[in-house]
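Visitor: The primary structure of each chain is shown beneath.
Number of protein chains: 2
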Amino acid sequence: MTQYRAPLDDFSFLLHDWLGLDGHYQRIGATGMDADLAQEILAQGAKFAEQEIAPLNQSGDEQGCRLVDGQVATPDGFAQAYQTYIANGWNAMLGNPDFEGQDLPYSMAVPVHEMLNSANLSWRLTTMLTESAVLAVNRHATDELKQTYLSKITTGEWTGTMNLTEPHAGSDLSLLTSKATPQEDGSYRVSGNKIFITGGDHDWTENIIHMVLARLPGAPEGVKGISLFLVPKIMVNADGSLGAPNRVSVGSIEKKMGIKGSPTCVMNYDDAVGYLVGEENAGLACMFTMMNDARFQVGLQGLGVAEAAYQGALEYAVERLQSRAPQGVQAADKKADPIICQPDVKRMLLTQRALTEGSRALSILYAQYMDIEKYTDGAEQAEAATVLAYLTPVCKAFFTDMATEVSNYGIQVYGGHGYIREWGMEQLVRDTRIAQLYEGTNGIQAADLIGRKLTRSNASMMQATYDVFNRVVAKISNTDKQRQAQALLNEWQTLSNDLLGATPEHCAAIACDYLQYVSYTLIGVLWLSMLDKLPTLDNQSFAAGKIKTGEFYLAYILPRAQQHKHIIMHAAETVYNTDISDFITD
Amino acid sequence: MTQYRAPLDDFSFLLHDWLGLDGHYQRIGATGMDADLAQEILAQGAKFAEQEIAPLNQSGDEQGCRLVDGQVATPDGFAQAYQTYIANGWNAMLGNPDFEGQDLPYSMAVPVHEMLNSANLSWRLTTMLTESAVLAVNRHATDELKQTYLSKITTGEWTGTMNLTEPHAGSDLSLLTSKATPQEDGSYRVSGNKIFITGGDHDWTENIIHMVLARLPGAPEGVKGISLFLVPKIMVNADGSLGAPNRVSVGSIEKKMGIKGSPTCVMNYDDAVGYLVGEENAGLACMFTMMNDARFQVGLQGLGVAEAAYQGALEYAVERLQSRAPQGVQAADKKADPIICQPDVKRMLLTQRALTEGSRALSILYAQYMDIEKYTDGAEQAEAATVLAYLTPVCKAFFTDMATEVSNYGIQVYGGHGYIREWGMEQLVRDTRIAQLYEGTNGIQAADLIGRKLTRSNASMMQATYDVFNRVVAKISNTDKQRQAQALLNEWQTLSNDLLGATPEHCAAIACDYLQYVSYTLIGVLWLSMLDKLPTLDNQSFAAGKIKTGEFYLAYILPRAQQHKHIIMHAAETVYNTDISDFITD
Numbered sequence: 006m007t008q009y010r011a012p013l014d015d016f017s018f019l020l021h022d023w024l025g026l027d028g029h030y031q032r033i034g035a036t037g038m039d040a041d042l043a044q045e046i047l048a049q050g051a052k053f054a055e056q057e058i059a060p061l062n063q064s065g066d067e068q069g070c071r072l073v074d075g076q077v078a079t080p081d082g083f084a085q086a087y088q089t090y091i092a093n094g095w096n097a098m099l100g101n102p103d104f105e106g107q108d109l110p111y112s113m114a115v116p117v118h119e120m121l122n123s124a125n126l127s128w129r130l131t132t133m134l135t136e137s138a139v140l141a142v143n144r145h146a147t148d149e150l151k152q153t154y155l156s157k158i159t160t161g162e163w164t165g166t167m168n169l170t171e172p173h174a175g176s177d178l179s180l181l182t183s184k185a186t187p188q189e190d191g192s193y194r195v196s197g198n199k200i201f202i203t204g205g206d207h208d209w210t211e212n213i214i215h216m217v218l219a220r221l222p223g224a225p226e227g228v229k230g231i232s233l234f235l236v237p238k239i240m241v242n243a244d245g246s247l248g249a250p251n252r253v254s255v256g257s258i259e260k261k262m263g264i265k266g267s268p269t270c271v272m273n274y275d276d277a278v279g280y281l282v283g284e285e286n287a288g289l290a291c292m293f294t295m296m297n298d299a300r301f302q303v304g305l306q307g308l309g310v311a312e313a314a315y316q317g318a319l320e321y322a323v324e325r326l327q328s329r330a331p332q333g334v335q336a337a338d339k340k341a342d343p344i345i346c347q348p349d350v351k352r353m354l355l356t357q358r359a360l361t362e363g364s365r366a367l368s369i370l371y372a373q374y375m376d377i378e379k380y381t382d383g384a385e386q387a388e389a390a391t392v393l394a395y396l397t398p399v400c401k402a403f404f405t406d407m408a409t410e411v412s413n414y415g416i417q418v419y420g421g422h423g424y425i426r427e428w429g430m431e432q433l434v435r436d437t438r439i440a441q442l443y444e445g446t447n448g449i450q451a452a453d454l455i456g457r458k459l460t461r462s463n464a465s466m467m468q469a470t471y472d473v474f475n476r477v478v479a480k481i482s483n484t485d486k487q488r489q490a491q492a493l494l495n496e497w498q499t500l501s502n503d504l505l506g507a508t509p510e511h512c513a514a515i516a517c518d519y520l521q522y523v524s525y526t527l528i529g530v531l532w533l534s535m536l537d538k539l540p541t542l543d544n545q546s547f548a549a550g551k552i553k554t555g556e557f558y559l560a561y562i563l564p565r566a567q568q569h570k571h572i573i574m575h576a577a578e579t580v581y582n583t584d585i586s587d588f589i590t591d
Numbered sequence: 006m007t008q009y010r011a012p013l014d015d016f017s018f019l020l021h022d023w024l025g026l027d028g029h030y031q032r033i034g035a036t037g038m039d040a041d042l043a044q045e046i047l048a049q050g051a052k053f054a055e056q057e058i059a060p061l062n063q064s065g066d067e068q069g070c071r072l073v074d075g076q077v078a079t080p081d082g083f084a085q086a087y088q089t090y091i092a093n094g095w096n097a098m099l100g101n102p103d104f105e106g107q108d109l110p111y112s113m114a115v116p117v118h119e120m121l122n123s124a125n126l127s128w129r130l131t132t133m134l135t136e137s138a139v140l141a142v143n144r145h146a147t148d149e150l151k152q153t154y155l156s157k158i159t160t161g162e163w164t165g166t167m168n169l170t171e172p173h174a175g176s177d178l179s180l181l182t183s184k185a186t187p188q189e190d191g192s193y194r195v196s197g198n199k200i201f202i203t204g205g206d207h208d209w210t211e212n213i214i215h216m217v218l219a220r221l222p223g224a225p226e227g228v229k230g231i232s233l234f235l236v237p238k239i240m241v242n243a244d245g246s247l248g249a250p251n252r253v254s255v256g257s258i259e260k261k262m263g264i265k266g267s268p269t270c271v272m273n274y275d276d277a278v279g280y281l282v283g284e285e286n287a288g289l290a291c292m293f294t295m296m297n298d299a300r301f302q303v304g305l306q307g308l309g310v311a312e313a314a315y316q317g318a319l320e321y322a323v324e325r326l327q328s329r330a331p332q333g334v335q336a337a338d339k340k341a342d343p344i345i346c347q348p349d350v351k352r353m354l355l356t357q358r359a360l361t362e363g364s365r366a367l368s369i370l371y372a373q374y375m376d377i378e379k380y381t382d383g384a385e386q387a388e389a390a391t392v393l394a395y396l397t398p399v400c401k402a403f404f405t406d407m408a409t410e411v412s413n414y415g416i417q418v419y420g421g422h423g424y425i426r427e428w429g430m431e432q433l434v435r436d437t438r439i440a441q442l443y444e445g446t447n448g449i450q451a452a453d454l455i456g457r458k459l460t461r462s463n464a465s466m467m468q469a470t471y472d473v474f475n476r477v478v479a480k481i482s483n484t485d486k487q488r489q490a491q492a493l494l495n496e497w498q499t500l501s502n503d504l505l506g507a508t509p510e511h512c513a514a515i516a517c518d519y520l521q522y523v524s525y526t527l528i529g530v531l532w533l534s535m536l537d538k539l540p541t542l543d544n545q546s547f548a549a550g551k552i553k554t555g556e557f558y559l560a561y562i563l564p565r566a567q568q569h570k571h572i573i574m575h576a577a578e579t580v581y582n583t584d585i586s587d588f589i590t591d
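Sequence order for the protein chains is X and D. One point on numbering: in the working numbering, the residue at position 384 of the first sequence is 389, and numbering is uninterrupted. One point on numbering: in the working numbering, the residue at position 488 of the second sequence is 493, and numbering is uninterrupted.
Keep in mind the hints are simulated off the structure, nothing from the lab. Remember, it's a predicted structure, so these values are computed and weren't measured experimentally. Each hint should be verified, as a subset may be incorrect.
Since the list can't tell identical chains apart, any single copy or any two copies may satisfy a pair.
[Claimed, not checked] With a straight-line Cα cutoff of 20 Å, these simulated SDA-like cross-link-like pairs (lysine to any residue) come out: (1) K340 x G223; (2) K52 x Q88; (3) K184 x K340; (4) K260 x Q68; (5) K570 x L559; (6) K340 x V228; (7) K260 x G69; (8) K570 x A560; (9) K260 x Q63; (10) K229 x R329; (11) K260 x S64; (12) K340 x E171; (13) K260 x E67; (14) K260 x R426; (15) K229 x K340; (16) K340 x P172; (17) K340 x R220; (18) K339 x I585; (19) K260 x M6; (20) K480 x P540; (21) K379 x E105.
Isolated chain X (complex conformation) (with noise of 0.2 Å):
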């Protein structure tokens, strides 16, 4: 099994030769924040990542987790690792400095969160949605739960959970069906059951607070009926200490395609004790204001697998030694050519690197944006935060999308040795394909960017993002690349617009060709602004590997856009132009 390094070189390029962090901190007023803050914290993300949790991602998926008594454990060294974890504070990363968080910057956390997901997705998950809940509390709790809980689930003294789905209520929230009961203590009592929960349980922590979706007495019908309550698993004293167990208990543990050593559990909440967050009736408009942030974590899911996928087979193919080269005898000292030398397999390595580390500068962008949101004011956080929400989904629905495509890769370079359990290939493909289902599937969130963010809203959160790519273009100094990275943003821009006259039913037939469309479009913006910067660089052994690889993004991997422009222009009424009696004929 490959031993996952932590890509520190591209990190270095993006952050500082490619997006300038210096100036962006100074830009945006991050006092105390600079270049070699943010290096000593990758690298030393980088050892936890490759010391810490990657040597647990095998044996996790083959021990999984079992419900002993009613606990989850989970697999060999997971909670000792979590300890490793919390004691050096990157739980707190990017939490509220009057409750103990550390306040840093997204475009330091989220190459961090990138290495974690590659070293060990399993694992990683608790923590991230230990963050989510850290934002729901932060943004909607009132002073005095923020007292109790807030602390402790920032440093991750205890952990957190989102509660939503339901065995009937899943992208369609509004059918959920468990209810709290005020009070008259100002508390609640929850009642429901809820399925998918990650880290429901675990061996980990004392304490476990769960944020839970319910309906209150009397609320209105589907999502405005919905409120958010936190209900601890074990109750909490006045003093802080930790009292008697709460009415929340483990149906059972999911029994998945991967992700084996996270437990997803089943969670029966029966008359559980609850504190609402935020107002009444307003749990999903709570949960809203943390939808992008996840999202975009489960984006960095797929591009954390799809990083350790690559990396897998490019040692595979540097060490097996197959045939001879269709160019002529490449090893003439061995018995046969690392296969590294076939046409194919570069073909193969070239669209995992390709796809990855143009993913990846865009979620380096991302992060830009979410720093900008959040040290700035006005104009200019407003303007981050539309392009962040028309982002979202493409950064959520492609890099997963392209994770199972680069995953799969990585299995097919192994040949029949990727299907074995041993060489760790398989495992990242089971593992990251959850990530095009959970936070909403990947049709959930073409629905998003074709609905809410490009028609419902005229076109003007496009418009925003077109601006900020365009200021990406401007700086391009070679005029072909310039030329041609405009090209593609008008292209898109014209594209877009023309899409705001179509019926929701068109739209909706085309939603997820037009979120690859716009994925495959702007990454080939960044990867000509890339390309327009390597090769200048120090590191130009560094640079000639990556000059190749954007060179074959454009040729090889770009014209995936046209398909899918195709597709948007003629392709909608075949779609919807079916009925149930088309496919039933019994």
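Following the hints, complete the assembly by docking chain D onto the known chain X.
Guide: Just chain D now, with coordinates in the frame of chain X:
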């Protein structure tokens, strides 16, 4: 979990209305064969697949295979189902009538084999490999060996295996090191370690007949020094009774991503008694006579799994209620609409169906030419052999690539539930993934197509295939459809001929794209041909949905061919102009 139902309506359309089975059998002189017999065989095959092995698919995956005291134990019910299978004669369908075979046409067997793959791929594998062993023994073994072994493996009283791969010799068999030493009695002693041996051991039959590639002393290096040996698990006495165990043992059962119900064994041969099959040093040639068949059979595995994934997704899409359709409320009496009303879900289902049914049409055309090769001689037989040679890598690689796409859509339609094992969809993704790897990875298939089949034949195999498809196009009565189909054929012919001057390196770089281009194009021609037939079909309820599926293929799927064409014409250099140093920069 969805109960598999054999697509008998589609088989009936393809065999009777589209291919015209009675006329086909008359033309090739297949006496005693007719459409009624085929229909009866398909109905019985469907019954076996649906009732005997489909119910064992999920439990087989959960239980897997175990090694107990050196013997493989297969999942509950597998051995019993196999006894039913051979008792009903299914194993002998294609066999030599002199050795208890039924000598049926491929056009009757191929649909049955697809059904077996849909119902339970793990279970099917051992019988498929036995058919390969039957072919090898029938074509290449001495009469003496045939008398002892051929009836037994034809009926399935004993199973067979194919032993090619060694740890360091997979795609490149020239590196294999297993040895065979001649003995005075004319037998050989075979020693070596083989991996990835399907059905290497099991608890189904008293004996197993291993076909093993090994080197004789002083044999030439490379693939010209490989011979084929028959090595029984248990020695067979002169009177046909079983004797002592041979020196064959199972080292371990591979832990795999999927097909867990199939015992994939590491086999150790330690001076085991073996018998030469075919000429000395002609082992690879012996294997190649079976290659078309085995590779096509693997293609059928993809096709079978794709059908199962489509059925599972369709059932869920009709039953699952979630949200309202963008075109307006569809099921006012329910809290939400079935998700099949969502255009994006229609898109996924149509993609699954268009790829699956298009591939099935190609599989039936392939079976038609297998029949022609079997029943005719002279120029007609030679043309059929040539066409099959060109189409084999297409069917193997395209059907299995599309099966990974289609089965992943199976998961996607289910949302988060698709990731949970009980629903059965994720198993299909794991099971079918192997088919892109074994019997030559799909990269090897693509190299075979553009190398041996296109450029090294100076396009003659492509031209023979063109002629066959031209006859299909000539029968299209609608002039628009005929013109469109003819344009597709001519573009393929021109593009193929343009590649004749390219270097091997250039061809290798675009081999997979050429294979995809050919596949989408030829299946496009077949859809046009089917669309021409469908409007006059008696069963218009069936025809209506299939017409929409074909129109979807042309509008939504076929544009992929243009993307691959673009890459073929423009992207080769960016693939092969990379070196190891571009990937490794330390």
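Visitor: Tell me, which hint numbers fail for this structure?
Guide: Violated hints: none; all satisfied.
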